[in-house]
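**Student:** Given only the sequences and the hints, what does the whole structure look like? Please build it.
Quick note, the sequence shown lines up with residues 1 to 642 if you use full-length UniProt numbering.
Hints are supplied without guarantee of correctness; some may be wrong.
Calculated pairs, SDA-like style, for lysine to any residue (alpha carbon to alpha carbon, straight line, at most 20 angstroms) [to be verified]:
#1 Lys-427 to Phe-466
#2 Lys-514 to His-69
#3 Lys-494 to Cys-551
#4 Lys-160 to Leu-602
#5 Lys-160 to Val-83
#6 Lys-425 to Asp-349
#7 Lys-635 to Leu-45
#8 Lys-177 to Pro-89
#9 Lys-394 to Lys-427
#10 Lys-403 to Arg-342
#11 Lys-13 to Val-364
#12 Lys-394 to His-414
#13 Lys-427 to Leu-477
#14 Lys-494 to Pro-476
#15 Lys-160 to Pro-89
Label-pair restraints from in silico Cβ distances [claimed, not checked]:
#16 His-409 to Phe-492: 43 to 49 angstroms
#17 Gln-10 to Gly-590: 31 to 37 angstroms
#18 Val-380 to Asp-334: 42 to 48 angstroms
#19 Ala-512 to Val-380: 43 to 49 angstroms
In short, the hints are calculated from the structure, not lab data.
Built from N, CA and C at the ideal position, the CB exists for glycine as well.
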Amino acid sequence: MSTLVPIFVQVLKTDNIRHVHLSGANNIVCLDQLKLGILARSCVLPGVSAFVCSILFAFRPFRGVDRSHVWASDFLRGCSNDVYDVRVPRFLDGLVSFAFLAYVLFQEFGIVPIAMGHNDEYRLFPAKTRVRCDYKVYILSTSPDCSRRVGALSLTLLQKYQTMLDNFDEITRAWNKHSFTSKLATRVQQSSRRLLLTRTTHRTSLVDSSFYSIKSNGRASEADSDASHRSSIVVPCTTETDVPTNGDDGTTQDATEPFVSAAPQPTSFQPLPKVIEGDDESSEKMPLPSQPHPAKRLPPLNVASATPPPDASATQVVVQQDKNSRSNSQLSLDYLSFLTTRVPDDLEDHILLCGMPNMLHDFVAPLRQPNRPQKKFAAVVPIVVLSATPISEKQHASIAHFKHVYFLHGSPLHLHVLTTACAAKSKSVVILSSTNDDDCDDEPDLVDENMIDTDALTLYRFVTEFCETSRHPDMPLPRILIVLNRPSSLRFVKDEHNKEPADEETVEILRAHKRQVLSRSDDPLDSICTPIFASGKVFFPNALDALLGTCDKHGSIIDLMYLFILGEPPRGDEAGRCLDQITIPPTLWGRPYGACFENLLLHHNILCLGLYRPQTQQNSYVYVNPSADVFVTPKDILFVLR
Numbered sequence: 001m002s003t004l005v006p007i008f009v010q011v012l013k014t015d016n017i018r019h020v021h022l023s024g025a026n027n028i029v030c031l032d033q034l035k036l037g038i039l040a041r042s043c044v045l046p047g048v049s050a051f052v053c054s055i056l057f058a059f060r061p062f063r064g065v066d067r068s069h070v071w072a073s074d075f076l077r078g079c080s081n082d083v084y085d086v087r088v089p090r091f092l093d094g095l096v097s098f099a100f101l102a103y104v105l106f107q108e109f110g111i112v113p114i115a116m117g118h119n120d121e122y123r124l125f126p127a128k129t130r131v132r133c134d135y136k137v138y139i140l141s142t143s144p145d146c147s148r149r150v151g152a153l154s155l156t157l158l159q160k161y162q163t164m165l166d167n168f169d170e171i172t173r174a175w176n177k178h179s180f181t182s183k184l185a186t187r188v189q190q191s192s193r194r195l196l197l198t199r200t201t202h203r204t205s206l207v208d209s210s211f212y213s214i215k216s217n218g219r220a221s222e223a224d225s226d227a228s229h230r231s232s233i234v235v236p237c238t239t240e241t242d243v244p245t246n247g248d249d250g251t252t253q254d255a256t257e258p259f260v261s262a263a264p265q266p267t268s269f270q271p272l273p274k275v276i277e278g279d280d281e282s283s284e285k286m287p288l289p290s291q292p293h294p295a296k297r298l299p300p301l302n303v304a305s306a307t308p309p310p311d312a313s314a315t316q317v318v319v320q321q322d323k324n325s326r327s328n329s330q331l332s333l334d335y336l337s338f339l340t341t342r343v344p345d346d347l348e349d350h351i352l353l354c355g356m357p358n359m360l361h362d363f364v365a366p367l368r369q370p371n372r373p374q375k376k377f378a379a380v381v382p383i384v385v386l387s388a389t390p391i392s393e394k395q396h397a398s399i400a401h402f403k404h405v406y407f408l409h410g411s412p413l414h415l416h417v418l419t420t421a422c423a424a425k426s427k428s429v430v431i432l433s434s435t436n437d438d439d440c441d442d443e444p445d446l447v448d449e450n451m452i453d454t455d456a457l458t459l460y461r462f463v464t465e466f467c468e469t470s471r472h473p474d475m476p477l478p479r480i481l482i483v484l485n486r487p488s489s490l491r492f493v494k495d496e497h498n499k500e501p502a503d504e505e506t507v508e509i510l511r512a513h514k515r516q517v518l519s520r521s522d523d524p525l526d527s528i529c530t531p532i533f534a535s536g537k538v539f540f541p542n543a544l545d546a547l548l549g550t551c552d553k554h555g556s557i558i559d560l561m562y563l564f565i566l567g568e569p570p571r572g573d574e575a576g577r578c579l580d581q582i583t584i585p586p587t588l589w590g591r592p593y594g595a596c597f598e599n600l601l602l603h604h605n606i607l608c609l610g611l612y613r614p615q616t617q618q619n620s621y622v623y624v625n626p627s628a629d630v631f632v633t634p635k636d637i638l639f640v641l642r
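**Tutor:** Next comes the structure, spelled out in structure tokens:
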């Protein structure tokens with residue numbers, strides 16, 4: 001198979017990634033890695049699971065419906081946003097920054113650019129990077145016509161933002177160069193030259209030559225178009241750094257610098273130069289000079305004892321084995337010490353994980369990322385793993401370098417086990433589905449698909465009632481997250497806010513909103529339009545199947561979703577950007593969301609993506625890419641990229 005053809009593979013366990021990668025797959029979706037990453041981020045950022053699923057699920061556009069007081073109105077409007085890839089017009093090639101483009105697109109069309117890609121590189125909100133016309137800009141939009149809108153940006157529209165552009169004269173010259181009049185004049189001039197050339201040829205060969213030249217040109221253009229279509233495939237890889245600017249030493253200085261400086265800084269993704277290897281030359285044997293006389297050999301040494309001389313390679317092997325045995329013994333001691341460490345009795349505001357995933361590192365690592373400068377001095381959140389399945393030495397080795405991680409062996413359906421784990425004083429409780437255990441592997445034919453979530457629902461009900469009765473009256477209830485395999489199982493989940501409306505008018509409004517976004521009456525997504533899902537307390541791993549469905553339409557956005565969930569890796573001294581949450585600044589209380597978007601983007605280099613609206617007596621929900629005229633409240637929490 002050709003190396004230009006991308007291969008998309010979906011695996012369950014993290015250990016299988018390297019096997020399929022060696023087999024030639026270059027676009028790999030690991031369900032466990034993404035699922036545990038979303039659950040881990042949901043423990044510290046409420047609503048992340050609903051935010052991600054709202055983007056992945058395919059809803060019909062929620063248009064033509066007036067905004068109502070019902071929470072489903074805002075939630076379903078946010079679910080109408082999808083990820084699209086667009087390109088800027090040719091006259092803006094390398095002349096505007098990504099942050100300026102984000103400001104213009106949101107002000108004019110309600111579109112939010114979130115990332116940029118070129119060939120095999122992805123970047124999350126590269127604010128200072130100049131956007132080139134061959135870069136793909138990934139956006140959140142409710143309209144499938146967004147690509148045409150971005151491509152139709154004109155000089156007349158940019159004149160409204162002339163004060164923000166130091167190089168507006170250069171943009172004007174580029175617009176005049178690539179305008180329709182210039183293109184038409186060039187085309188007419190080329191046609192005139194071709195006509196003059198054809199008139200100089202012999203009259204008898206005019207028809208044939210014209211016919212065959214047209215056919216050959218058509219074939220060439222078709223081949224060129226096919227080649228360009230094949231070359232537009234985006235192959236994911238790791239990202240590079242932003243273009244260095246003078247005085248760029250952190251996020252605080254980004255806010256003081258303008259979007260576009262006076263001197264344009266060309267930004268391009270430069271490939272690394274190929275390293276010339278000298279193995280072929282060194283492997284060639286050089287001819288030895290001929291010796292006129294053979295060299296005389298010295299007689300061998302006679303060793304007094306019968307012990308042979310020590311072999312250097314054997315000594316190295318023995319030393320390496322000794323080191324490995326010492327490291328293995330040290331690892332075993334650490335493993336035994338980890339098993340015997342008790343959970344502190346005064347532990348509180350921790351994260352309780354009920355169940356043993358296939359790779360525990362995928363859950364702990366996102367909660368211990370050291371590359372977040374805004375949380376460098378924040379306290380490390382303790383993690384308690386409660387499982388009836390013993391933790392293996394391999395599982396412990398993957399998390400041995402993380403601090404404040406405890407393991408408790410036992411069933412979470414026992415009161416004394418939950419008391420020992422301090423479940424009532426925890427910050428978040430995560431309940432994994434029963435498919436992570438090996439209980440169903442022995443007799444898979446006897447498993448009823450309708451009962452696959454029974455164990456998780458039973459444990460959820462038990463933990464909820466335990467926390468309600470055992471917590472201190474002054475302490476809030478822990479945030480309980482559950483993983484379900486079937487959306488229809490949501491009807492059995494009990495939550496303090498998951499209540500049916502009392503009045504018939506609200507019920508009818510909810511039904512009308514659902515009919516607006518669902519494609520058919522028996523749509524399985526009908527069950528997710530519930531308050532407990534909209535608040536991000538339930539996660540469906542099946543939502544990740546939609547990633548492979550978007551690859552044929554937009555290219556591979558698998559790496560983009562990995563960066564969106566887990567964050568960018570650090571680049572030198574600069575920390576990578578990630579999805580985060582911040583509270584509404586006091587100066588923006590009661591103001592429109594558009595003013596909040598503008599203030600944080602222009603003055604703090606922060607890109608707003610949506611709202612999490614927690615309610616005390618009503619339903620909490622996620623609102624992806626709200627309208628500019630939505631008023632924010634002091635209780636709202638912003639989803640941002642920074």
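**Student:** Now look at each hint and say whether the structure bears it out.
**Tutor:** Here's how the hints hold up against the structure:
no.: 1; hint: Lys-427 to Phe-466; result: holds (14 angstroms)
no.: 2; hint: Lys-514 to His-69; result: holds (15 angstroms)
no.: 3; hint: Lys-494 to Cys-551; result: violated (36 angstroms)
no.: 4; hint: Lys-160 to Leu-602; result: holds (16 angstroms)
no.: 5; hint: Lys-160 to Val-83; result: violated (27 angstroms)
no.: 6; hint: Lys-425 to Asp-349; result: holds (6 angstroms)
no.: 7; hint: Lys-635 to Leu-45; result: holds (14 angstroms)
no.: 8; hint: Lys-177 to Pro-89; result: holds (12 angstroms)
no.: 9; hint: Lys-394 to Lys-427; result: violated (28 angstroms)
no.: 10; hint: Lys-403 to Arg-342; result: holds (14 angstroms)
no.: 11; hint: Lys-13 to Val-364; result: holds (16 angstroms)
no.: 12; hint: Lys-394 to His-414; result: violated (27 angstroms)
no.: 13; hint: Lys-427 to Leu-477; result: holds (8 angstroms)
no.: 14; hint: Lys-494 to Pro-476; result: holds (17 angstroms)
no.: 15; hint: Lys-160 to Pro-89; result: holds (18 angstroms)
no.: 16; hint: His-409 to Phe-492: 43 to 49 angstroms; result: violated (28 angstroms)
no.: 17; hint: Gln-10 to Gly-590: 31 to 37 angstroms; result: violated (46 angstroms)
no.: 18; hint: Val-380 to Asp-334: 42 to 48 angstroms; result: violated (19 angstroms)
no.: 19; hint: Ala-512 to Val-380: 43 to 49 angstroms; result: holds (47 angstroms)
Checked against the numbered hints given earlier, this structure breaks hints 3, 5, 9, 12, 16, 17, 18; the rest are met.
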